[in-house]
Amino acid sequence: MADKNINTPLTEAVYYILLSVTQPMHGYGIIQNVKELSYGRLILAAGTLYGAITNLLAKGWIETAGEEENSRKKEYIITDSGLAVLKTELARLEELVNNGRKVMGE
Amino acid sequence: MRTTEWHFWTIDKYKEEEKWLNEKSAQGKALVYASGIKYVFEDCEKGEYQYKIMFTDNLKSEQPRKDFESFLEESGIETVGNYLRWGYYRKKNDGTPFEMFNSKSEELAHINKIKNFALILLAVISIVVVSEIFSALSDPHILPVLIFNCCVFAFVFKVNRGIAKLAKETRQDIALFE
Numbered sequence: 033m034a035d036k037n038i039n040t041p042l043t044e045a046v047y048y049i050l051l052s053v054t055q056p057m058h059g060y061g062i063i064q065n066v067k068e069l070s071y072g073r074l075i076l077a078a079g080t081l082y083g084a085i086t087n088l089l090a091k092g093w094i095e096t097a098g099e100e101e102n103s104r105k106k107e108y109i110i111t112d113s114g115l116a117v118l119k120t121e122l123a124r125l126e127e128l129v130n131n132g133r134k135v136m137g138e
Numbered sequence: 006m007r008t009t010e011w012h013f014w015t016i017d018k019y020k021e022e023e024k025w026l027n028e029k030s031a032q033g034k035a036l037v038y039a040s041g042i043k044y045v046f047e048d049c050e051k052g053e054y055q056y057k058i059m060f061t062d063n064l065k066s067e068q069p070r071k072d073f074e075s076f077l078e079e080s081g082i083e084t085v086g087n088y089l090r091w092g093y094y095r096k097k098n099d100g101t102p103f104e105m106f107n108s109k110s111e112e113l114a115h116i117n118k119i120k121n122f123a124l125i126l127l128a129v130i131s132i133v134v135v136s137e138i139f140s141a142l143s144d145p146h147i148l149p150v151l152i153f154n155c156c157v158f159a160f161v162f163k164v165n166r167g168i169a170k171l172a173k174e175t176r177q178d179i180a181l182f183e
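Line by line, the protein sequences are chains A and B. Just so we're aligned, residue 33 is where the first sequence starts under our numbering, counting upward by one. Just so we're aligned, residue 6 is where the second sequence starts under our numbering, counting upward by one.
Any given hint could be a false lead.
[To be verified] In silico lysine to aspartate or glutamate, EDC-like type, Cα no more than 16 Å apart, as pairs:
hint, chain 1, residue 1, chain 2, residue 2
1, A, K106, A, E95
2, B, K20, B, E78
3, B, K43, B, D72
4, A, K106, B, E10
5, B, K120, B, E78
6, A, K106, B, D48
7, A, K106, B, E79
8, A, K105, B, E53
9, B, K109, A, E126
10, B, K173, B, E78
11, A, K106, B, D72
12, B, K20, B, E104
13, B, K120, B, E79
14, B, K97, B, D62
15, B, K29, B, E10
16, A, K67, B, E104
17, B, K96, B, D62
18, B, K43, B, E74
19, A, K105, B, E10
20, A, K105, B, E112
21, A, K105, B, E79
These aren't lab readings, by the way, just hints derived from the structure by calculation.
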């Protein structure tokens, strides 16, 4: 069931960031992972990623993983509410694609 | 070899400043220090670095600034220096464009931060200018005071117009492309 408090659609950057942190990942890892997932099409700019992580942490959709206080490389992991957002977005994207396929006959 | 150059860029011209730094790098001069009007360059291979300038809230306090800079470092971006709330960044030229943001709307949010800053500056300058003129009313030498203050006001006003124009152009891009 879609939660009405969840704001979708997500930007493609946020969608791919959330997908990436379904396992613990640090900033540069996310950039690499998104590049791979999108076959080199989407290269996250550092300012965009930093802003997205800051906002996602504030919303509680992701959290820092592990307790390495002094580690410079912070790892991030998706939270339950983040997963819920991701599921809602996936359903929306499926609807878009399915309707597209129906009409375009592919 | 180190060379020093003096240049005055107003805040509405930060993209031109960025272009200038990239042209310097293309000529084999890499920026290593920037503070207001003083720019220090070191020899580098032609086009070795790409430069980016950013106005940011993160620079206001020490810890968020360090967090941001180490985050950038992880993705291969080096902080050349900070001046007031401006950050100068560079990355080795790997053939891909050096962008700080993926979308025009983030670009606009960045420009709006500069715009707000310029507006506060304009408000402060306006108050100073008006009070200066009022206090000089009884002064027989009011004319130079008047001219000087009007020039200051006109200058800050022009900077504001410049940054507002930049914001408008970016908004138009968003309407067309996003």
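Numbered hints the structure breaks, given as an ascending list
2, 3, 4, 5, 6, 8, 9, 10, 13, 14, 17, 18, 19 and 20
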